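Engineer: Position chain V against the provided structure of chain F, taking the given hints into account.
Number of protein chains: 2
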Amino acid sequence: MLGVIRVFTTADDAIVAAHGQLIASLFGLETRSYCIPDQPLGIYDAASHQQAVPKIVAAAKKAAEDGAKAVFISCAADPGVQECRQVLSIPVIGAGSAAAGIGLAMGPRVGVLNLTGSTPPAIAGLLGKHLAAEAAPQGVRNTTDLLNQAGMSAAIEAANILARSADVIVLACTGYSTIGLAKVLRSIVGVPIVDAVEAGGTVAFYCLARRMA
Amino acid sequence: MLGVIRVFTTADDAIVAAHGQLIASLFGLETRSYCIPDQPLGIYDAASHQQAVPKIVAAAKKAAEDGAKAVFISCAADPGVQECRQVLSIPVIGAGSAAAGIGLAMGPRVGVLNLTGSTPPAIAGLLGKHLAAEAAPQGVRNTTDLLNQAGMSAAIEAANILARSADVIVLACTGYSTIGLAKVLRSIVGVPIVDAVEAGGTVAFYCLARRMA
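These protein sequence lines map, in sequence, to chains F and V. Using my numbering, read the first sequence as starting at 1 and increasing by one per residue. Using my numbering, read the second sequence as starting at 1001 and increasing by one per residue.
Incorrect hints may appear among the rest.
As the list claims (entries may be wrong) - Far from chain F, some chain V residues (derived; all Cβ distances over 12 Å):
#1 Phe1008
#2 Leu1041
#3 Ser1048
#4 Gln1051
#5 Pro1054
Unchecked claim - Quick list of in silico lysine-lysine cross-link-like pairs, BS3-like style, CA-CA up to 25 Å:
#6 F:Lys69 <-> F:Lys55
#7 V:Lys1129 <-> F:Lys129
#8 F:Lys69 <-> V:Lys1183
#9 V:Lys1069 <-> V:Lys1055
#10 F:Lys183 <-> V:Lys1055
Simulated from the structure, these hints should not be mistaken for lab results. Since this is a predicted model, take the numbers as computed values, not measurements. Idealized CB from N, CA, C, for every residue including glycine.
Only chain F is shown next, with the shape it has when bound in the complex (with noise of 0.2 Å):
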């Protein structure tokens, strides 16, 4: 079983179960999704990143005693992940760094569609030289703005720009996940595009179906 690790907090189970259903459906894995207490909004600054931590960490160890056998965290800024890894000896993954591992994987120039702002230091700092460009939509807040027709042209086109620079897009928010992005932009987009849960999927079936771990 793959534990899955939602970085906010909701009642909805059909939303805390989202990307490990993804996941399942995608690579056939067993996953049991958790989210952590008392952060409706989630992670969306320093403060908020750093209050997340021990809940994360208190969600990974309890997904290991549930009998996970590696746990995803799943936000591209890899919230936890090191502190996961120094108490747990079950494979971690976050989906920051696995999307940039897939993408390196498949090009040396990555482009990263970021949400807002610029490439979290998760991601940047393993790509290193070979972060080739780095975008995000023109107007867009959070991942609501997406599920309008304005909103999704401009990830479209901010998609469009980095595939001038770069040999391969890694999208940067498992927002874009929850909606889909990536099937649209492949439909659209001339370069592979890399998304986020299911590279880390990607890269829990490799830690699991063949119990490389």
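Structural biologist: Coordinates of chain V only, in the frame set by chain F:
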């Protein structure tokens, strides 16, 4: 179908097909294997590397003509990967860059187990500062030497040394895949082991089965 390019010459179809069959058995992908002409000793220095590149490009083109939806160059030095990407519109996966990418996805301090010499530039360049340590089994000149007890012991010793300063160990020679070293090390060494052919298969699985490219 995944085209698998072996970078040496042999008339033995079973040897040519070995890595493709490994990927087929692990990931359920259809594979078709190709070898290059007139290099029975494969790639062993800069001259033989250069000599092989146009042959690898020709083999990859043939694979694409035969219906390959992605090509895997099964050598940790990634010979011809860049050149194939310039002429093919399908994903081109190198064993070295795939192993480096999967390694980075599993931990920031990557140890590299080479067969002889230092880490191939294709791997070192992607890992950058995350190349935490490198080693090669003492007294081993080629994969044949690993088939005896002394060679296998030397490989285990080198991996144990790497594990002291690395979160994950990447096997930087596809000859290690042929002899099944990863499985041996996983029962002995306390950090995850990334096999280069398995890593290539993992990335190919994502590219092909999920039609991401």
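Engineer: Does each hint fit the structure? Answer for all of them.
Structural biologist: Verification of the supplied hints:
With a minimum CB-CB distance of about 23 Å to chain F, Phe1008 (chain V) clears the 12 Å threshold, and the non-interface call stands. No beta-carbon of chain F is positioned within 12 Å of the beta-carbon of Leu1041 (chain V); the least distance is around 28 Å. For Ser1048 (chain V), the non-interface assignment is confirmed: its Cβ lies about 23 Å from the closest Cβ of chain F, beyond the 12 Å cut-off. Chain F leaves Gln1051 (chain V) outside its interface by the beta-carbon criterion, the shortest separation being 23 Å against a cut-off of 12 Å.
Distance check on Pro1054 (chain V): its Cβ is at least 21 Å (rounded) from any Cβ of chain F, clearing the 12 Å threshold; non-interface status holds. A threshold of 25 Å between alpha carbons decides the hint, and for Lys69 (chain F) with Lys55 (chain F) the separation of about 19 Å falls inside it, so the pair holds. Taking the CA atoms of Lys1129 (chain V) and Lys129 (chain F), the gap is near 11 Å; set against the 25 Å cutoff, the hint holds. Distance hint between Lys69 (chain F) and Lys1183 (chain V) is fulfilled; the C-alpha atoms sit about 18 Å from each other, no more than 25 Å.
Restraint check for Lys1069 (chain V) and Lys1055 (chain V): satisfied, since their Cα atoms lie roughly 19 Å apart, inside the 25 Å limit. Distance hint between Lys183 (chain F) and Lys1055 (chain V) is unfulfilled; the C-alpha atoms sit about 35 Å from each other, more than 25 Å.
Hint check: a violation occurs at hint 10 only; the rest are consistent with the structure.
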